[in-house]
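S.K.: Given next are the chains, with one letter for each unit.
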Amino acid sequence: MTPTLAVDALSVHFGGRVAAVREASFQVQAAECLGIVGESGSGKTQVCLAAMGLLGAGARTGGSIRFEGEEILDRPAATLNRIRGSKLTMVFQDPMTSLTPHLRIGTQLAEVLVCHAGMSWREAEAGALRILDRMHIPEPQRRLRQYPHELSGGMRQRVMIGMSLLCEPSLLIADEPTTALDVTVQARIIDLLRNVRQDTRMGVVLISHDIAVVASLADRILVMYGGRVVEAGTTRTILDLALHPYTAALLRCVPDLRHARVERMPTLAGQAPSPASEELGCAFAPRCPRASERCRSERPLLSEQSAASHQVACHHPQSS
Amino acid sequence: MSAAWRLRAQPAALCALIVIAVLLTLAMAGPWLTANDAESLDWAHVAAEPGWAGGHWFGTDRLGRDLFARTLEGMRMSLAVGLAASAISLVVGIAYGALAGYAGGRTDHLMMRFIEVLSGLPLIFFVIFLTVVFGHGQYLLFLAIGAVGWLTMARIVRGQTLSIREREFIEAAVASGASSARIIFKHVVPNLLGPVIVYATLTVPQIILFESFLSFLGLGVQEPHASLGTLIAEGAGEMQAAPWMLLVPGGVLAALLLCLNVLGDGLRDALDVREERKA
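As given, the protein sequences belong to chains Z and C, one line each in that order.
Under numbering that gives the first Met the number 0, the very last position in the first sequence is 319; numbers go up by exactly one each time.
Under numbering that gives the first Met the number 0, the very last position in the second sequence is 278; numbers go up by exactly one each time.
Quick caveat, the hints were computed from the structure, so don't treat them as lab data.
We treat Cβ as the ideally placed atom computed from N, Cα and C, and that holds for glycine.
The reader is advised that the hints may include incorrect statements.
To be verified - Per the computed footprint, the stretches of chain C lying under chain Z, defined by three or more beta-carbons under 8 angstroms from a beta-carbon of chain Z, are:
#: 1; region: 158–169
#: 2; region: 174–180
#: 3; region: 183–196
Whenever a hint applies, use it, and build me the whole structure from the sequences.
M.R.: Put into structure tokens, the structure is as follows:
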């Protein structure tokens with residue numbers, strides 16, 4: 000069966016020297032939720048922008064991205080517009096800035112249906128009303144006539160998610176959908192995404208630097224570091240049997256509220272590698288407690304581990 | 000809505016708006032306001048002083064034409080030229096500027112160099128050239144002034160577009176599969192209307208002044224039609240014997256320009272605040 004999204008050896012370069020993504024490969028199956036975690040600069044957002052055809056003019060790409068079997072990397076906008084916004088949609092990080100300020104909510108929602116589904120404005124308005132209702136937005140009729148600045152952040156992110164679901168996409172890419180929201184709203188948005196997935200059986204790519212958010216929603220988790228995939232596996236495997244020292248460190252950074260004892264938050268020393276740096280060995284080696292001479296000279300390759308579909312790129316995986 | 004409220008809070012701009020409305024109404028209703036029309040000659044009252052004699056409230060010119068009626072006609076003509084030429088420069092400037100700014104790169108570069116070449120041409124020479132080739136006519140005047148007026152508008156629109164293009168909602172619109180044309184006209188242009196409206200209100204008086212200047216030189220509106228510029232030119236000739244021939248049209252022109260400028264400033268303040276509040 001063709002995977003919904005198949006990314007193969009994708010690399011994204013800016014200005015020749017800066018490598019934001021280095022040979023990343025992964026797949027998203029139909030109705031699967033894949034979480035991508037990593038620090039700022041690990042290349043997780045660039046992967047998505049490449050899939051949506053939103054990379055800046057200076058970007059050069061390599062590899063391939065196939066959506067339902069069709070190559071979509073570096074296709075002209077006219078080709079991409081047939082699928083993006085309808086079959087393949089994206090929710091952005093900041094709901095405060097991703098709605099057009101001078102258009103009513105109803106108009107913005109209806110526009111998507113008019114453009115992609117060829118509906119009349121009247122039908123599209125009805126569709127917009129239904130989607131707001133599904134997003135559990137109170138008084139949807141009134142919201143349709145309001146402008147974005149009249150809505151709260153959580154409400155706006157619901158509108159954005161609703162907009163991305165209007166044409167029943169087969170894949171939704173959510174780039175840090177909750178990062179700009181406060182914690183209580185964050186939990187509700189995650190709930191909403193979970194419900195939506197159950198109803199629609201669409202695939203989701205959820206990007207976050209917060210492994211807790213990802214773990215609560217994803218079937219599989221992909222850990223990125225320095226533009227490369229360093230570990231991939233099912234959520235259970237990653238949480239319980241993380242092999243890469245970086246994944247283990249990320250997991251240690253999640254505060255555990257069950258222990259009342261006040262202690263210092265564990266942090267990861269050092270800085271994420273600059274995308275401009277030339278890599279020789281493992282990108283994580285300078286910060287890795289287990290790094291050896293081999294890690295600094297020879298780059299570890301992503302390889303299958305004992306557990307099914309668990310891959311890790313490390314010379315000295317954490318013994319499980 | 001809220002911009003209208005803030006405009007109301009500015010007494011100067013509000014007064015200007017009222018004066019403009021009154022002048023505009025007078026100009027439109029001109030032919031019905033006075034028994035005298037702008038072209039008929041009253042030999043009984045040649046170069047008459049302002050007064051009630053013969054219904055010539057503002058006096059007559061040296062051919063005995065009613066100055067009140069002629070001033071109203073001149074105002075109508077000046078406003079028409081100002082508005083039409085502004086409309087031309089608005090439409091052309093927005094389309095050209097938004098296209099250049101949104102396309103960016105080489106296209107933007109070429110389009111902006113073209114504007115620079117055009118704005119290097121001496122304006123008066125350009126208008127004289129056009130009138131020589133195509134003959135006099137008020138429509139030509141609209142076109143000639145509008146053809147030059149859009150240059151600055153296009154620059155302003157391009158600058159605004161460049162900054163709006165980088166905002167996140169444009170990226171979101173691209174991601175939802177909207178075509179470039181739809182993004183430009185539905186998501187970019189309405190967002191830059193604030194500064195554009197302000198600039199347009201300030202363009203109208205500039206164009207009226209320019210038209211008056213051209214008419215004063217004899218390049219603009221031709222007899223028997225009148226514009227404020229031709230009336231002032233006539234009046235300037237009789238300045239010592241019959242000062243009202245200069246003062247009436249001159250006063251109207253000054254009032255009109257002052258009010259349009261004050262209104263433009265008021266609008267700028269009213270619209271600017273909205274931008275800050277939304278951000």
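S.K.: Next step is simple, just say for each hint if it's right about the structure.
M.R.: Status of each hint after checking the structure:
Residues of the region 158–169 of chain C with a Cβ under 8 angstroms from some Cβ of chain Z number 3, which satisfies the need for three, so the listed coverage holds. With 6 residues carrying a beta carbon less than 8 angstroms from a beta carbon of chain Z, the region 174–180 of chain C meets the three-residue requirement, and the given coverage holds. Residues of the region 183–196 of chain C lying with their CB closer than 8 angstroms to a CB of chain Z number 4, which satisfies the three-residue condition for coverage.
In this structure, every one of the numbered hints holds.
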